[in-house]
Amino acid sequence: MIDEATLERVVDFHGHMCPGLAMGVQAAQVALREIGAHAKDEEVVAVVETDMCGVDAVQFLTGCTFGKGNLIHRDWGKNAFSFYRRSDGRAVRVSLRAGAWTLDPEHQALFAKVRAGSATESERARFQKLHAAQSMAVLAIDPDDLYRTEELHGAPPRKARIHTSVVCAECGEAAMETRVRRLDGRELSNLNEAWRALHGLERPSSPTAEDAVAVLEEMGLDVHFEEGERQLAPVGGNRSEIVAFARRRLCVGADRDAEVEALLGPDFPSPLRRVLTVWWDGTA
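Per this note's numbering, residue 34 is the first one in the sequence shown, and the count goes up by one each step.
Keep in mind the hints are simulated off the structure, nothing from the lab. Treat the hints with caution; some may be incorrect.
Said to hold, decoys possible - Pairs of lysine to any residue, SDA-like flavour, derived with a Cα cap of 25 Å: (1) K101 x L65; (2) K101 x A133; (3) K162 x R148; (4) K111 x A133; (5) K111 x V248; (6) K111 x G187; (7) K101 x M209; (8) K162 x D137; (9) K146 x S128; (10) K101 x D137; (11) K192 x P176; (12) K73 x A113; (13) K111 x E75.
Unchecked claim - Quick list of simulated restraints, FRET-style, between CB atoms: (14) R123 x R281: 44 to 50 Å; (15) R281 x E259: 24 to 30 Å; (16) V308 x T182: 38 to 44 Å.
Note that CB positions come from ideal geometry on N, CA and C, so glycine has one too.
Could you build the full structure based on these sequences and the hints that come with them?
Next comes the structure, spelled out in structure tokens:
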């Protein structure tokens, strides 16, 4: 059971007490009981299927944090948390039981008003009182009545990897080496300038091949992979073919070929793209 002093530290870490944080406290209690003590490094890994307040309680109490690489977020919108102990492979998934916690209609109505900025002072005061009461009600529930716990079988997610940072020759900012492309001897964030000029957008950095590997490993597969490079634009293509290829990647029509060509510059070659070949033994 989490003592009052520890609970206060959790609240300080998160910034306030709320029902969502209380749910995270309860999930973390199950994890500490089933998997073990606070992780100083990557002894324990948490995979969270939500980005709600409770994740902060899980981070604080279990020691699974985003910065250490042993907190993995899967945006599935579920109040569910999986915990893996690397020492012996024990793993459990903790998921909210349907109907385990009853919402207060008055609290919900006031919450909507507070978030919309239309609540009066008296309504705000009433909301704070109900908010605290709902939080305490969640903490009063036996964790096993609030959450269902099931054993998981399979390998834990891979350990966090540390990559070298390199400076992009176009934007001048350092980026992880797996997030840049090498073009004519220069490190480039692929087509960054063209995306910025045509759409006002920065190139997305995810999902990546590493993300795919992590998902496969989470499924319990013994994943192997090999890195390499291949031509991104048509090999031996003439200028018009390369411009058309780049235009399609930039999601613009043929009527903008002249603009695309100007953005690529006269010396734009067929760039090499990093590829990852992934395989595993047996069947998925």
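Results of checking the hints against the structure:
Simply put, K101 and L65 have alpha-carbon atoms about 18 Å apart, close enough for the 25 Å limit, and the pair holds. Restraint check for K101 and A133: the C-alpha separation of about 32 Å exceeds 25 Å, so the hint is violated. For the hint linking K162 to R148, the alpha-carbon distance of about 16 Å falls within 25 Å, and the restraint holds. Restraint check: the Cα-Cα separation between K111 and A133 comes to about 14 Å, which is no more than 25 Å; the hinted pair holds.
At roughly 17 Å between alpha-carbon atoms, K111 and V248 fall within 25 Å of each other, so this suggested pair holds. Pair hint K111 plus G187 holds up; C-alpha atoms about 21 Å apart against a cutoff of 25 Å. For the hint linking K101 to M209, the alpha-carbon distance of about 16 Å falls within 25 Å, and the restraint holds. This hinted pair checks out: K162 and D137 have alpha carbons roughly 12 Å apart, not beyond 25 Å.
With a C-alpha separation of about 29 Å, the suggested pair K146 and S128 falls outside the 25 Å cut-off, and the hint is violated. Between K101 and D137 the CA atoms are separated by roughly 37 Å; this puts the pair beyond 25 Å, and the hint is violated. Taking the CA atoms of K192 and P176, the gap is about 29 Å. The hint is violated against a cut of 25 Å. For the hint pairing K73 with A113, the CA-to-CA distance comes to about 23 Å; that is within 25 Å, so the pair holds.
Restraint check for K111 and E75: the C-alpha separation of about 24 Å stays at or below 25 Å, so the hint holds. Taking the beta carbon of each, R123 and R281 are about 48 Å apart, inside 44 to 50 Å as hinted. At roughly 28 Å, the beta carbons of R281 and E259 sit within the given window of 24 to 30 Å. At roughly 40 Å, the beta carbons of V308 and T182 sit within the given window of 38 to 44 Å.
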